[in-house]
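Colleague: In case you want the letters, here they are:
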Amino acid sequence: MALLQIAEPGLSAAPHQHRLAVGIDLGTTNSLVATVRSGAAGVLPDECGRSLLPSVVRYLDDGDVAVGFAAQAEQSRDPHNTIVSVKRFMGRGLADISEAAAQPYRFVDAPGMVQLITRAGPKSPVEISADILRALKQRAEASLGGELVGAVITVPAYFDDAQRQATKDAARLAGLNVLRLLNEPTAAAIAYGLDNSSEGVYVVYDLGGGTFDVSILKLTQGVFEVLSTSGDSALGGDDFDHRVYCWALAQAGLSGLNAHDSRLLLTCAREAKEALTEHASTHLTALLSDGQAIDLTLDQDTFRDITKTLVDKTLLPVRKALRDARIGVDDVKGVVMVGGATRMPHIQKAVGDLFGQTPLTNLDPDKVVALGAAMQANVLAGNKQDDDWLLLDVIPLSLGLETMGGLTEKIIPRNSTLPIARAQEFTTFKDGQTAMSIHVLQGERELVSDCRSLAQFVLRGIPPMVAGAARIRITFQVDADGLLAVSARELTSGVEAHIEVKPSYGLSDEEITRMLTDSLAHVQDDIEARKLREAIVDAESLADATRAAIAADGDLLSADELAAIEAGLGAVADAIAGNRTVAINEAAHQLNRLTETFAARRMDRNVQRALKGHNIAEL
Amino acid sequence: MNFDFKQDHFSLFGLPRRFALDAGQLDSAWRTVAAQVHPDRYASAGDAEKRAALMMATHANEAYRTLKSPLARARYLLQLAGVDTQEDTNTSMPADFLMAQMEWREAIGEAKDEHDVAALEKLARDLQRDAAALQQHLGVALDDAGDLDGAAVLVRKLRFLEKLEQEIGDAIESLLF
Ligand SMILES: Nc1ncnc2c1ncn2[C@@H]1O[C@H](COP(=O)(O)OP(=O)(O)OP(=O)(O)O)[C@@H](O)[C@H]1O
Ligand SMILES: [Mg+2]
Numbered sequence: 001m002a003l004l005q006i007a008e009p010g011l012s013a014a015p016h017q018h019r020l021a022v023g024i025d026l027g028t029t030n031s032l033v034a035t036v037r038s039g040a041a042g043v044l045p046d047e048c049g050r051s052l053l054p055s056v057v058r059y060l061d062d063g064d065v066a067v068g069f070a071a072q073a074e075q076s077r078d079p080h081n082t083i084v085s086v087k088r089f090m091g092r093g094l095a096d097i098s099e100a101a102a103q104p105y106r107f108v109d110a111p112g113m114v115q116l117i118t119r120a121g122p123k124s125p126v127e128i129s130a131d132i133l134r135a136l137k138q139r140a141e142a143s144l145g146g147e148l149v150g151a152v153i154t155v156p157a158y159f160d161d162a163q164r165q166a167t168k169d170a171a172r173l174a175g176l177n178v179l180r181l182l183n184e185p186t187a188a189a190i191a192y193g194l195d196n197s198s199e200g201v202y203v204v205y206d207l208g209g210g211t212f213d214v215s216i217l218k219l220t221q222g223v224f225e226v227l228s229t230s231g232d233s234a235l236g237g238d239d240f241d242h243r244v245y246c247w248a249l250a251q252a253g254l255s256g257l258n259a260h261d262s263r264l265l266l267t268c269a270r271e272a273k274e275a276l277t278e279h280a281s282t283h284l285t286a287l288l289s290d291g292q293a294i295d296l297t298l299d300q301d302t303f304r305d306i307t308k309t310l311v312d313k314t315l316l317p318v319r320k321a322l323r324d325a326r327i328g329v330d331d332v333k334g335v336v337m338v339g340g341a342t343r344m345p346h347i348q349k350a351v352g353d354l355f356g357q358t359p360l361t362n363l364d365p366d367k368v369v370a371l372g373a374a375m376q377a378n379v380l381a382g383n384k385q386d387d388d389w390l391l392l393d394v395i396p397l398s399l400g401l402e403t404m405g406g407l408t409e410k411i412i413p414r415n416s417t418l419p420i421a422r423a424q425e426f427t428t429f430k431d432g433q434t435a436m437s438i439h440v441l442q443g444e445r446e447l448v449s450d451c452r453s454l455a456q457f458v459l460r461g462i463p464p465m466v467a468g469a470a471r472i473r474i475t476f477q478v479d480a481d482g483l484l485a486v487s488a489r490e491l492t493s494g495v496e497a498h499i500e501v502k503p504s505y506g507l508s509d510e511e512i513t514r515m516l517t518d519s520l521a522h523v524q525d526d527i528e529a530r531k532l533r534e535a536i537v538d539a540e541s542l543a544d545a546t547r548a549a550i551a552a553d554g555d556l557l558s559a560d561e562l563a564a565i566e567a568g569l570g571a572v573a574d575a576i577a578g579n580r581t582v583a584i585n586e587a588a589h590q591l592n593r594l595t596e597t598f599a600a601r602r603m604d605r606n607v608q609r610a611l612k613g614h615n616i617a618e619l
Numbered sequence: 001m002n003f004d005f006k007q008d009h010f011s012l013f014g015l016p017r018r019f020a021l022d023a024g025q026l027d028s029a030w031r032t033v034a035a036q037v038h039p040d041r042y043a044s045a046g047d048a049e050k051r052a053a054l055m056m057a058t059h060a061n062e063a064y065r066t067l068k069s070p071l072a073r074a075r076y077l078l079q080l081a082g083v084d085t086q087e088d089t090n091t092s093m094p095a096d097f098l099m100a101q102m103e104w105r106e107a108i109g110e111a112k113d114e115h116d117v118a119a120l121e122k123l124a125r126d127l128q129r130d131a132a133a134l135q136q137h138l139g140v141a142l143d144d145a146g147d148l149d150g151a152a153v154l155v156r157k158l159r160f161l162e163k164l165e166q167e168i169g170d171a172i173e174s175l176l177f
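From first to last, the protein sequence lines are chains A and B. By the count of our numbering, the first sequence reaches residue 619 at its end, each step adding exactly one. By the count of our numbering, the second sequence reaches residue 177 at its end, each step adding exactly one.
There's no promise every hint is true.
Derived CB-CB ranges, DEER-like [what the hints assert, rightly or not]:
(1) Q101(B) <-> G222(A): 42 to 48 Å
(2) E409(A) <-> Q136(B): 31 to 37 Å
(3) A40(A) <-> G109(B): 58 to 64 Å
(4) R65(B) <-> Q138(A): 40 to 46 Å
(5) R129(B) <-> Q251(A): 55 to 61 Å
(6) A133(B) <-> R593(A): 51 to 57 Å
(7) T302(A) <-> A118(B): 32 to 38 Å
(8) K384(A) <-> L148(B): 45 to 51 Å
(9) G109(B) <-> F107(A): 42 to 48 Å
(10) E425(A) <-> Q136(B): 32 to 38 Å
(11) G109(B) <-> A280(A): 50 to 56 Å
(12) A100(B) <-> T403(A): 27 to 33 Å
Dumping the calculated DSSO-like pairs for lysine-lysine here, alpha-carbon to alpha-carbon at most 27 Å [what the hints assert, rightly or not]:
(13) K410(A) <-> K163(B)
(14) K50(B) <-> K384(A)
(15) K68(B) <-> K218(A)
(16) K349(A) <-> K313(A)
(17) K68(B) <-> K410(A)
(18) K612(A) <-> K384(A)
(19) K218(A) <-> K349(A)
(20) K410(A) <-> K112(B)
(21) K320(A) <-> K68(B)
(22) K333(A) <-> K68(B)
(23) K612(A) <-> K68(B)
Keep in mind that the hints were calculated from the coordinates and are not lab data. No experiment lies behind these values; they were computed from the predicted model shown. Glycine included, every Cβ here is placed at the ideal spot set by N, Cα and C.
Whole structure, please, built from the sequences with the hints as guidance.
Modeller: Okay, here's the thing in structure tokens:
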């Protein structure tokens, strides 16, 4: 771990070794892994040369797990145990799941998030996603020939906190070090923006298999500032398939298909939809399990008619995002199309008509997100010192608290630049009230019942006072991943409650640890050895970076402070010599703590220096 | 960790401490500071630096938001000068201002009832014009006349207008989306 990130002339850290980092686009339909090698971003293909990994997981009889094409091939033969589009269930309860997305699975409503019943037992969407991520991690490590230091995982910009947290949990479960959760449209903008070295306002329209995002970005001298984002985290190509599926059922006079047949027909529907991108009409043929043959013809006009409302549904968030960004269509310099579903001609036309310009489609809409994520991973891993860019992203949905009468009080408005913290004070309602229940919500609606519940906790130990006398301050901190931490404090007594918001949805740390150990139980020894290796590498680079920091900015330390840090460095060296994981981590942690104030002072100095340069440049 | 910026938001961005402000200069100073402290710059750093970066980037964003909004900027300048703007406690306003408020409310209600987005948008534009005039006065009161009490009154007025603007925005949104 490099402590010295801000390289100064002549003082840069030890000659730098390329660190293996990847970008992963964990898609509803397809997932990809990409990396930057010799300065160029590229998608890593599988051994057959295929870039896309279908986001399909099948739990087999013998306890094995198949991921990708092998699983996809069996989906209609084994529908209950073959999970497609699992992303639609991330961070979602049973009540959230639409009928279209639900078939043909068997759900149980577990606390936090639904689970799917498979022959391998109930599976959480987090575990299923982790299986996909694990496959991509293996692919990357095999083709790069080493262990990854980290990954940037993309998420739809419109994902809420529960969905983001679930994604991060899945990555941890797959053994990935998450460098950053990155919004998909922002990733696409990096890939585009850096290719074209553009300046100005750009719109990214991203319609994938299961999610729709729109982001409006302002590009200025290497800064990607997201002005606003909007979307629908349950709208995508899958819904177009479902329309075709319903049309086919009606045409053939069918209803209530079994799981096998409905999966079969959905697959046909998707093929028909994709065929209509190139052809004026197409055939849907399927042989159902009762021997009935389906043979229908679907033409482009009919397809356009039955999906028109879906296309319109995407334009609403686009208008909303423009409004939030306070810009008009005339201010938009370019519209970038991302996601396989944007290949549909009537989508391109609708977007083109709205903006009065032909949308940009010069990069492969399937790959652009993964490529952008890889470029960001390369920067975050520290492989690129100069010539960096900066991403300033926003929170997609407002955060608030429940107040009296089932109403929400907004604390952080949507489209605020991250990271952000906000505090709000509340008071007691009754005389002598000693506890207060706190309900954290995300969404734009006024009623609590219309927003997503992120967490509920009780702040106890408020000293009894008359109603309205206590002062309870609740602080929301949202980090650069868009993840929320909430803390509450009673100001007159100092009672403090700190929570990481994830109890309502998502897994606890214990659950993750249990899943990790379950899945790796048989390689326990390996794990111990690996942990030791990692601890040594991390501690050594921390020590190196600390020494470099002292060399550069040691004048910011008093003699005592310097002595303490040097003692900490000594302790790290001793611990490394002792070869014990726990002791090494402990010493590194201690050194980290000792350097906190130093780190802040150095950052402050760098800000001052940067501003000075900046002001001179401006004069 | 108990880090805090000793300097105020203006000096953080190297700007003069006054109401009149070059928006372009603020934007670019913010980007310069953000480029130094954004957590992405410390993604593979130690925990101490990560925490410091999160805190400082959060602080820089907050400072930027405060200075960017004329209302928040004026409020902040008054706060630095030790003047309480009394926005929640002092509701006494000149009669003509209150009359105008009522007229605004009525016009908004009517346009809303008639689902007239164009009328709402026109109201928003009119309101912005009024707000701009108030901001002009604020500039004079704060930067030239040093009339802090007068500025506090203007802040309270501007706050009213901001609430109205919010109301119009919500109404337009509920009609459009
Ligand atoms: N030629 C085509 N014509 C129409 N649709 C297509 C075409 N090719 C792919 N699609 C559709 O694009 C969707 C998949 O797009 P993509 O791979 O970008 O999604 P994803 O990244 O997996 O999903 P998401 O971003 O929503 O999580 C599917 O619905 C697929 O049917
Ligand atoms: Mg996608």
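Colleague: So which hints don't hold here, by number, going up?
Modeller: none
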